[in-house]
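Chains as they are written, first to last, in the numbering used here: chain A, 851 to 950; chain B, 1151 to 1318; chain C, 3 to 477; chain D, 4 to 626.
Each hint should be verified, as a subset may be incorrect.
[Stated by the list, open to error] Below 27 Å or equal to it, Euclidean Cα-Cα: the simulated DSSO-like pairs (lysine-lysine) are:
{"#": "1", "chain 1": "C", "residue 1": "Lys369", "chain 2": "D", "residue 2": "Lys604"}
{"#": "2", "chain 1": "D", "residue 1": "Lys604", "chain 2": "C", "residue 2": "Lys355"}
{"#": "3", "chain 1": "A", "residue 1": "Lys937", "chain 2": "C", "residue 2": "Lys369"}
{"#": "4", "chain 1": "B", "residue 1": "Lys1314", "chain 2": "C", "residue 2": "Lys369"}
{"#": "5", "chain 1": "D", "residue 1": "Lys371", "chain 2": "C", "residue 2": "Lys428"}
{"#": "6", "chain 1": "C", "residue 1": "Lys36", "chain 2": "A", "residue 2": "Lys949"}
{"#": "7", "chain 1": "B", "residue 1": "Lys1314", "chain 2": "A", "residue 2": "Lys937"}
{"#": "8", "chain 1": "B", "residue 1": "Lys1174", "chain 2": "A", "residue 2": "Lys937"}
{"#": "9", "chain 1": "D", "residue 1": "Lys167", "chain 2": "C", "residue 2": "Lys38"}
{"#": "10", "chain 1": "C", "residue 1": "Lys436", "chain 2": "D", "residue 2": "Lys371"}
{"#": "11", "chain 1": "C", "residue 1": "Lys439", "chain 2": "D", "residue 2": "Lys118"}
{"#": "12", "chain 1": "C", "residue 1": "Lys355", "chain 2": "A", "residue 2": "Lys949"}
{"#": "13", "chain 1": "D", "residue 1": "Lys167", "chain 2": "D", "residue 2": "Lys371"}
{"#": "14", "chain 1": "C", "residue 1": "Lys36", "chain 2": "B", "residue 2": "Lys1314"}
{"#": "15", "chain 1": "C", "residue 1": "Lys38", "chain 2": "C", "residue 2": "Lys355"}
{"#": "16", "chain 1": "B", "residue 1": "Lys1174", "chain 2": "D", "residue 2": "Lys604"}
{"#": "17", "chain 1": "A", "residue 1": "Lys949", "chain 2": "C", "residue 2": "Lys38"}
{"#": "18", "chain 1": "C", "residue 1": "Lys436", "chain 2": "C", "residue 2": "Lys100"}
{"#": "19", "chain 1": "D", "residue 1": "Lys604", "chain 2": "A", "residue 2": "Lys937"}
{"#": "20", "chain 1": "C", "residue 1": "Lys321", "chain 2": "C", "residue 2": "Lys436"}
{"#": "21", "chain 1": "C", "residue 1": "Lys436", "chain 2": "D", "residue 2": "Lys118"}
{"#": "22", "chain 1": "A", "residue 1": "Lys937", "chain 2": "C", "residue 2": "Lys321"}
{"#": "23", "chain 1": "C", "residue 1": "Lys36", "chain 2": "C", "residue 2": "Lys355"}
{"#": "24", "chain 1": "C", "residue 1": "Lys439", "chain 2": "D", "residue 2": "Lys371"}
{"#": "25", "chain 1": "D", "residue 1": "Lys209", "chain 2": "C", "residue 2": "Lys439"}
{"#": "26", "chain 1": "D", "residue 1": "Lys118", "chain 2": "D", "residue 2": "Lys168"}
{"#": "27", "chain 1": "D", "residue 1": "Lys604", "chain 2": "C", "residue 2": "Lys59"}
{"#": "28", "chain 1": "C", "residue 1": "Lys355", "chain 2": "C", "residue 2": "Lys100"}
{"#": "29", "chain 1": "C", "residue 1": "Lys436", "chain 2": "D", "residue 2": "Lys604"}
{"#": "30", "chain 1": "C", "residue 1": "Lys369", "chain 2": "D", "residue 2": "Lys371"}
{"#": "31", "chain 1": "C", "residue 1": "Lys428", "chain 2": "C", "residue 2": "Lys369"}
{"#": "32", "chain 1": "A", "residue 1": "Lys949", "chain 2": "D", "residue 2": "Lys604"}
{"#": "33", "chain 1": "C", "residue 1": "Lys369", "chain 2": "D", "residue 2": "Lys168"}
{"#": "34", "chain 1": "D", "residue 1": "Lys167", "chain 2": "C", "residue 2": "Lys369"}
{"#": "35", "chain 1": "D", "residue 1": "Lys118", "chain 2": "C", "residue 2": "Lys428"}
{"#": "36", "chain 1": "B", "residue 1": "Lys1314", "chain 2": "C", "residue 2": "Lys100"}
No lab work stands behind these hints: they were computed from the structure.
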Amino acid sequence: MVPLTHYLIFSAVLFSIGVLGVLIRRNAIVVFMCVEIMLNAVNVSLIAFDRYLNQHDGQIFSFMVMCVAAAEVSVGLAIVIALFRNKATVNLDEINLMKW
Amino acid sequence: MELLIFYPLALVSVILALFVVFNKSPIGSAVCLIGMMLGLAGVFILLQAHFLAILQIIVYAGAIMVLFMFVIMLLNLKDDDTKWKIRERNIFLSSATGVLIVGILYKIIDVTTDTKFDSPATVPDNFGTVEVVGTALFTDFVLPFEVASILLLAAMVGAVVLAKSKVD
Amino acid sequence: MIAAPEIDLISLAPVLVLSVFTMLVMLIDLFVGKNKSVLVFVALTGLLLAAVSSFAKTDWPVSSFGGSYVVDHMSVFFTMIFCLSSGLAILLSVDYNKRENIRVGEYYSLIMFCTVGMIILASSTDLIMIFLGIEIVSLCLYVLAGIRRGDTRSNEAALKYFLLGAFATGFLLYGMTLLYGATGTTKLAGIAEALSHAEVLSQPILVMGVVLLIAGFGFKVASVPFHMWTPDVYQGAPTPVTAFMAVGPKAAAFAAFFRVFTTAMPELAPTWEVLLSIIAVTTMFVGNLGAIMQTNIKRLLAYSSISHAGYILIAIIAKGSLATSALLFYMLSYTFMTFGAFSIVILLGRAGKENLELEDYSGLGFKAPLLGLAMSVFLLSLGGLPPLAGFVAKFYIFQAALNEGYVILVVLAVLNSAISLYYYLKVIVFMYMKEPKGDFQISLTPITLIIIIIGLIGTVQLGLFPGPVISLAHP
Amino acid sequence: MYSLSWLILLLPLTGFLSLSWFGKRFPKLLGGWFACAMVGGAFLVTLLMLAQLYSESPADRLNHVQTLYPWIVSEGFSLNLSILIDPLSVFMLLIVTGVGFLIHVYSIGYMHHDKEFNRFFAYMNLFIFAMSVLVLAADFFFLIVGWALVGLASYLLIGFWTEKKSAVLAARKAFVMNVIGDVGMLIAAFMIFEHFGSLNYVDVFKAAPTAFFPNDDSILLITFLLLVGAFAKSAQIPLHTWLPDAMEGPTPVSALIHAATMVTAGVYLVARCNALFTMAPFTMYLIASVGVITAIVAGSIGMVQYDIKRVIAYSTMSQIGFMFLAVGVGVYSVGMFHLMTHAFFKALLFLGAGSVIHGMADEQDIRKMGGLRYAMPITFITFLIASLALAGFPLTAGFFSKEEIVMNAYHGQYGNFVFWGLAVIAVGMTGFYTFRLFFYTFMGKSRTPEAKPHESPLVMTAPLMILAGLSLLGGFLGPWVHSFLSPVFGGAVPMHHDDAMLEIIAVAAAMGGIIAAVAIYMTGKDQLAFAKQMLAPIYEALYNKYYIDEIYDFLIVKPVKAIGKFMEERAEKLGIDFSVDEVGRQVREVSRGISIWQSGKVRIYALNMVAGMVTILLFVIFM
């Protein structure tokens, strides 16, 4: 059997990769994909906890996470499209009209 | 035995996740992300969460990622626009980030190895099936389920407001 | 056989009423012609009915849906604040939307959806519900921030808010997950119960979870170092949305923050008290010091709202029933003064020229004495000057903290209040001591006047006679 | 009857609100007289309170707390909207509204040409209101409210001429300094609340004698923090530099706020909290020391100034130093007595100076004045009376109060020889700078012949004459003041010390100062004619005057100038000014840093979030 710890470490590694991606990528859409990696990583933890606690709460939770992710993606991509229409870029470093 | 399945799956998922981050083209990233999600679906099955595994493939890898692809194609993002490189002037910041990430990873591992769950509970046969999860969803968690509908409706309205073409 | 779920629709009355009216707004929007003012009435009716229906249950606290939803004095009071702030936001937008050509049907319905989310957020006692509530609120705000589709700043605000918000959601979610893993339940009461056993408390993942939760909630309430989105988003979002964002959703996030930390994790208080104290102090300092050099009124108010988050965090640190009522009172008075100030900011703007620089306020005190006076009252109240609402609110929070023995925290907070007066007075100095630049064209519409008057009455009334509201806020 | 006391607050507030609101629509003079009427009304009500107090036996005159309604009520704490009527507050109010009324009347003439006439009176009424709040407060909370409000009013009035850059800067400086004091007071209030569980004067002062041991750590800290507020407001070293700069404001403001009332609030505070300060003898020594040092330092700087208002400003600091010396050695009512006489003659001096400035078309440099005694006879005589009173010429008001202070500096509870000696030196300085100013301004010949000085109108000179009368005769009120205030200070009436030696030395010091001024400034080259005319017999008979000039120059003028310059440069420029400016600069730097941190880039924001979270995490793990 796989110890729970391995799942948790796996999830933590994925989460960190997601964070890393958010920090270093400049393309808004890819940054957003990295956020999705983070959410997926959390799902792994949730389901692993469930299995080891013999419960279903975590699965319901991750079900909701998927639902939220879907909603977020639709809104997020809509925002990207709206921005692209005005500025023709998705490069985050160029999106700094407002600062200081 | 399970370890033999888990490790390759985990390894592939991690590598694909890294490819998402380091791929030059957004389409490539998206494809790698789909691969990672499929890998995760495998891990879910290993955890006997069959229903969630199916959802992972249908909703995530299917619907969500298709939307990503669609938008990338729609905006016609070229490689040159999206190339990433370590910024010349902020090497310090970037390396600080790296150190922080390594630190956080180390700490997470350090912190999580010391838990009470060393071995899984013995679970009933129907654990993670559509029936059991569905029952939980419609009894104990009926309120979140209904609230999620508000969320989706709001998201739908929002997406339409923002993305529809300029002519009203 | 599946056991029938326990459903208590009466507890949910405000949520249901508001959802129904939200859909009504969307439907009516399809059928009315050019004149959309009927939508305002429908929306306001919905908010009013929701506020009234929150009293459907009176034997507080009532817990329903297996302990994931609760109606108590806190949730009811917060529902009032939410309905009030959404109502004010809708009223505030009427002229603005006309001026900026924003489609009102979706706009109003999004604000109402957001209100639904806020009510859920303030009434939930289950991590899953809290997560969903936060997401509803956030998604609506992402869209509202970017609703001026043709305006690059608005787009940019939406994108920044969205990416950072989604990022923060990841942290919040991870924190909730770890909390769930350590305690085996998502219900707040269950978590508190599990945490009362010593062996659970020693788990390191719990600490991780708390830290991640602080990061997630810290983002939603705009506390340092998770505050960086605030000035940009506040500046870029349409002004009524900014006002709304600074009040309703923030109050909702604080409600959830308060509930999660004080009801679910009192056992961990020694840990998070220290963390939150440090965060509160840095938040106050960064907010107040950052505001000093700002020249854009919206950014200035954004920094001011950051510093206010710092004060409110003190209420969470103080815990206790006095802290609850202090939090409620603070959010209510904050609603009045913030909406008042933003309504005047909107009033000064015109189509194509928003007049957001402090220079644009030169001489307002002479050109429009009443507006100048009202703005001064709101700003001074934000600065916490007696006898206005802001003062009494701060006073209550500080007293709650003093009762629990956080003297240094309070002294630092008072020091910050003194610093904050500098930039609030700076605006007033601009209004009264500089010669007017350019021409003012202030077209005071009845609706804006109503909001200003509501704000003034609230600010002064809560300042001079806080007694009745305090006894309402008291459990 | 006591319930009418709310009118004292309401009348000036009404004046402020209606003038600031409808100021533009008021005819010019009407607004001014309206403001005067409000303050005059407050004065009448105060007299009514006085009569009411007199209808009771002295012991019953304390603790008449008038509560309007309970404002904030919560667990274990309540804050009422209430005011306190007792001999001390009524005494202060008499000065505030009485002198305030005269200055209001005077301002109608002085500000006549200003186009923002009504705004000026609105602020003046605001000040009277704020000062009344401060004085009437029944608890530390409203004391601080009043404390901050007078700071605000002072800020508005110093910076009244917004087009004058130096005025705006001075206003800002005064505000910052006063905020330092306010913060000190606030923290003191927190500590008082922590120790007594209440902020009410009545509760706190009743509990104070049993709550602490003398010189307890916490009582020392509380009194010290209160002192920070008192010193900042009363311009005592090291928080004094704002006061000379505050002279940029209109002259009636200087008379009302920066001479007669607001700056003496610190003395009032110590007197009001005498129950606390009595428990901290160490702090009492500190007060007396700071007071006497300020008296000396400010006096010495005053001796070399050429701006007519700055000389009087330094004189004010010096005289407040005397008051602090008095309360510091434990004779509170003597301090209050000097506060009263000082209010009379210093307001008179400032108003006289205002009249001069008015007559000289806004000229403030005394080197360019001279010979005004013919052009402005009323101003001349009243100014002379004020100068005599300030210098402590026998039988004027200043003589009585200052003599009592000097005596008590030696004989008082905490008095000693050093305080006495320094006080005598300061007395001498007072005589010197007062008459230096006087001679420069009024004697000799005009140094700017092109100026056409003229006497001020009656509306300005009438208050001068009334104040002159008070400055002459106010000294005889001493016994009344002591007996009236004694219930507040635990029934103690300061003893009259019959020590002829000390008395003679003190008077001699004052006269010596005056004579020195006469000798130096009446013999100046440009005043040759006048000097000859007045002092010719002595001069001709005894001295070669050129020779003596040089000796004086070497022995007195040069050292005095050097000391004054040194004090000005070291104590002011390098001391607190520097640190206040530096703090302000650093704050702006930090603020700019925070703005730049806000780089507008999403990735930096995300990085900050992660960095913050990791920091928190590491903090938790390694804590």
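Worksheet item: Which numbered conditions among the earlier hints are violated in the structure presented, ordered from lowest to highest?
Response: 1, 3, 4, 5, 6, 9, 10, 17, 18, 20, 22, 24, 25, 27, 29, 30
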